[in-house]
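The listed protein sequences derive, respectively, from chains E and Y.
The letter at position 47 of the first sequence is residue 47 when you use full-length UniProt numbering, and the numbering goes up by one with no holes.
The letter at position 180 of the second sequence is residue 180 when you use full-length UniProt numbering, and the numbering goes up by one with no holes.
Derived by calculation from the structure, the hints in this document are not laboratory data.
Watch out, some of these pointers could steer you wrong.
[Unchecked claim] Derived lysine-lysine pairs resembling DSBU-like cross-links, with alpha carbons at most 30 Å apart:
| id | chain 1 | residue 1 | chain 2 | residue 2 |
| --- | --- | --- | --- | --- |
| 1 | Y | Lys494 | E | Lys363 |
| 2 | Y | Lys93 | E | Lys243 |
| 3 | Y | Lys352 | E | Lys427 |
| 4 | Y | Lys93 | E | Lys193 |
| 5 | Y | Lys93 | E | Lys351 |
| 6 | Y | Lys107 | Y | Lys36 |
[Stated by the list, open to error] Selected chain E positions facing chain Y (in silico; Cβ < 7 Å):
| id | residue |
| --- | --- |
| 7 | Pro89 |
| 8 | Ser178 |
| 9 | Gly182 |
| 10 | Asn183 |
| 11 | Thr186 |
| 12 | Ala187 |
| 13 | Leu219 |
| 14 | Thr222 |
| 15 | His273 |
| 16 | Leu317 |
What you are looking at is a predicted structure, and each value in this text was computed from that prediction instead of being measured.
Just so you know, even glycine gets a beta-carbon here, dropped at the ideal spot from N, CA and C.
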Amino acid sequence: MMKSKADEEDFWNSSKCKPFTFDDEDDEFSKLKESKQTVKNIRPLVDEDEDEDDVEKISWSGEPVGSISWSVRETAASSQRTEREPAFPKINTDTPAISRSLSGYSLSALFKGGTAQSDSSVRLYAPELRKPKSEYKDIVSDWSPEHTVQRMQQGKVVHLEKFRSLQDKLLLLDFAVSAHDGNVITAVLIYLKRTLSKEVLFRELESRQTALRHFIHYLTETRDQRLLLELLRSRTSPLLQYKEHLSIADENKRRDFLKSCLSLPFSPEDSAHVQDHYTLLERQIIIEATDRHAERGGKVEIFQKFPRRASILNMPLITTLYYCCFYHYHESEGTYSSPLNIRQTFRISDKQYFVTALAARAKLKAWSDVDALFTSRNWLGFTRKKSPLSFQRVVDILHRNSAPTQVLQEYVGLVDDSDLRISLAQKHKCHDIVINTYRDLKDRQLLLGYLSKVERGSAEAGKINQLLSNQQIRWRN
Amino acid sequence: MAHSARRDSPELPDFSMLKRLVKDQLIYLLEQLPGKKDLFIEADLMSPLDRIANVSILKQHEVDKLYKVEYKPVMSTSEQLCFLIRPRIQTVKWICDVVNADKTAGKCRRYKLIFTPQKFYACEAVLEEEGIFGDVSTDEWTFNLLPLDEDILSLELPEFFQDYFLAGDQRWVRTAGTALHLLHSLYGPFSKVYGIGRCSKMVYELWREQVEEGEQKAHQAEIGKVFLIDRDVDFVTPLCSQVVYEGLVDDIFRIKCGCVEFGPDVTSSDKSVKVMLNSQDKVFNEIRNEHFSNVFGFLSQKARNLQTAYDKRRGMDIKQIKAFVSEELKGLKQEHRQLSLHIGASESIMKKKTKQDFQELLKTEHSLLEGFEIRECISFIEEHMNRQVSMIESLRLLCLLSITENGLLPKDYRSLKAQYLQSYGVDHLFTFVSLRQLGLLVEQQPGDTLTVMESKVGKLVNDKTAGKLTDAFSSLAKKSNFRALSRKLSLVPKSDEEYDLRVPRDMAYIFSGAYIPLSCKLIEQVLERDSWTGLEEVTRLLNGHEFAAAGSSGADLSEKNDAQRIILVMFLGGCTFSEISALRFLGRERGYRFIVVTTAITNSSRLLEALLDNHV
């Protein structure tokens, strides 16, 4: 981040010097605060002055002259670097190569970036104790982008405002990206956001995918919705705009907002979903108003018997369908709340409709409605039970809605697979089906075994005993 | 339960040092703000903090009151406020509000922000923008590795997954590199590093740079080899239902930071209890890696043994009883407590699983893994959605379907997506965007229709960035090639053979013998070959990014050295307990010991929930 010299000073004062205020009285602390404020106020002046001063203190190799502590450390560090062979090889990490021959650039950088820190290196003495190890080593005068990025990675103070030309800024960004450190990439982006017009920044980000994604994430986190929308004028953006409905609490406003979204350039598929969303909410608002009224009026029986637990607003489509199957099942197709109307409007598949209606009517224990759902007549007028859902699943749904055994039995009996039928029948205690199936299989042993599972002296037990003693049956075992 | 082929598994290094280090650092940081202070702790740091320190330690260092960060106005009257937080912009903004409110009210306090594991420039920028930079002091608590067990270290950064894989933000990459560096300097030098995935490569690079910067003290290595793996190399494994005990417990009760809360249904009382689940719990340690079907038998055997041990005291004389009470009783009591909890948990698991047709769910999963009866699977998933059964479960099955089938047919994709939105709400349009970005749920693309689509979109909005932008979003979405990988690595054992789960023959046992986790299989293969050689086809199917780097200086490579059989596996983006179980099994078979380092423990629900929240 941008830190001028005075900034840096107050940085030390504020955070790094804390340990040394251990024994300070509070008033001393406030004194410190005062002086810090003073320092803050005189920053512009100091900045200009020091810039000049410092240039003179820099040697050609970029070292600040006259700082022993610095040179000792620096020497130690650099000798260490050269002595040791890297233990592990570098691998190619697929980032665009950056030309490291910055001839001419680095030379000027010596001057440009040379606000070097003869002062702060002295100041460093005190807070040193509590500084992370990485900060020990050096006070640097090499303000090449590469070096700056390195320092940022180590959490050291840098002077980003030295990077003024577009080329310099972009080099800095590219080095940050090639260092793989998201923290630094974002830091550079914050600086670029502050110092570049958004047109230029967006243009440059186009060809820098990693940086772009960091920028998007940063804007998302800081909730800079305006800039984010501008940046994302592409196919995700209608969705992003649409997303704003989540923050609108009032249902009428939300509906109106959704309506305004309909004209956004969604993909054809998403466009249909958003249209459905709008239509659904519009309908929910009408249903909610009517039903709330009816419920308060206290004249409609079903609302008295089964008071509504929540409003239907903003519920998913299937939940709405369930609600309508529950409260408005027998309405004619003309009303908004009629299940059939909903089925039609939202192109709900047979299976979806069937599952939902089944669950709702079973919940109400309206077994005749359940029965009617399955009944279809063939051309001869005979009725038979048909289901878009396996009967096994039907039994499960009914069971979950605590259907009585007689009802379950009927549907368990419709399961084709005999093994499955038996296991379901056993699970739901549909004894007749088990017994009859064993009888049909002529399996005396199984039947005998089942005797122990039914209650002694019950009708089922009697039936089993009767079968077992039946001489007409030719048992297989 | 013994199935070890080799019994000479080397000893694990002692990781308690890591805890000590972070504890000392925390105390040190608290001392930087002398005097009484109130401490505000970020919600998701509470559990990790609990593993490191306790209230009395905090009190000793003059922490007066403890608060959870809740983004509400501060009621504290303390002169000094200390905030222990993750480097999140939202949290820092809240603190700025607190400080600015104090300023307006003319209240003068000292504030200290301790970021863990590190501070970010973006957070400091907020301090600066809000005008309180300098009014607060900031520090870093490098708490980046929490030992959850003797062989599990966690960075406790669940957001690593969505930040890196979904948003493409590399903020945590360096954190991972630093964690690795810490392990290297304490337990290294490592002799070899393998890895696969883009993030792994970056972590490797950032770690390597730190190695070169710092000095390595020569000491006896305790960890030999390292394997780095990106979560997106294998999404199939974390999306499967877990059936190994520890994984099941995590799926159902959610293990948080090595600790689980068992409700009244487990404790069969009216209280809930919090239990640490690790190798210290003897009963748990013996069943954690077992397939659930073995657990009952084991627990009842154990119960019988316990009864016998208790019964021993009958017919004892006074002296013997005294010895029994002082030597054995405590252990027996503890075992009794543990046993009853795990029996209760198993019962509760059984109840929950039978209620939701677990068997059928597993059958569908196994069919998907095998690529068998896909139509039936699709109709099962449809019914699941139509009935509005768990929204996460439906999503999990959809993703599993998409990855194993290398994407859905456009017709299926549209219909399943529509049904999902109808059942769970149109808001989930964003979820589908995220899933596509990650490649978890995609349409099959005949040829290059994607680019056609993009250029259309580009024209539509007449903006050059459009195409590029979609590139940015689709760059991480890649083909899964699961079927081909499965064949190549024989991940799905032949179904006609009987699989004895009590005597597992390979890592597939963690999924009832139906599937060997891809992630673990890769690790096995690379370790076996000591390189990626011979796996070229596999890495091509995995979209490359594999590497192997030999260390040199100071690393003792001799086979005799036990450390070479200690393998550190680092999962970037999270790993599941099932994978850990599989690696433990592999270790027993091959005489390795695995240490798992992960950004967080994950499972299918956590993985998918992370995507529900993240709407871009």
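Discussion item. Need the status of pair Lys352(Y), Lys427(E): alpha-carbon distance at most 30 Å?
Written reply: holds, 16 Å
Worksheet entry | 30 Å Cα cutoff - pair Lys107(Y), Lys36(Y) | Cα-Cα ~17 Å, so holds.
Discussion item. Is the interface hint satisfied for Leu317(E)? The criterion is a beta-carbon contact with chain Y at less than 7 Å.
Written reply: This interface hint holds because 4 Å falls under the 7 Å limit.
Item to complete: Would you mind confirming whether the straight-line C-alpha gap from Lys93(Y) to Lys351(E) stays at or under 30 Å?
Response: violated, 49 Å
Practice prompt. Starting from Lys93(Y), check that the Cα of Lys193(E) is at most 30 Å away, please.
Written response: Cα-Cα ~19 Å, so holds.
Item to complete: Hold the hint about Gly182(E) up to the distance rule: shortest CB distance to chain Y must be less than 7 Å.
Response: With a minimum Cβ separation of about 3 Å from chain Y (threshold 7 Å), the hint on Gly182(E) holds.
Worksheet item: Does the nearest C-beta of chain Y fall within a distance shorter than 7 Å of the C-beta of Ala187(E)?
Response: Result: holds, 3 Å to nearest chain Y Cβ.
Item to complete: For the pair supplied as a hint, Lys93(Y) and Lys243(E), confirm whether the alpha-carbon distance does not exceed 30 Å.
Response: holds, 23 Å
Fill in: Per-residue hint verdict: Thr186(E), partner chain Y, C-beta under 7 Å
holds, 5 Å
Discussion item. Let's test the interface hint: is any C-beta of chain Y closer than 7 Å to that of Pro89(E)?
Written reply: holds, 5 Å
Worksheet item: Is the interface hint for Ser178(E) satisfied, with its Cβ closer than 7 Å to some Cβ of chain Y?
Response: Since chain Y brings no Cβ nearer than about 10 Å to Ser178(E), farther than 7 Å, the hint is violated.
Worksheet item: Does Lys494(Y) pair with Lys363(E) here, judged by a C-alpha cut-off of 30 Å?
Response: Cα-Cα ~44 Å, so violated.
Of the numbered hints given earlier, the model fails hints 1, 5, 8 and 13; all others are met.
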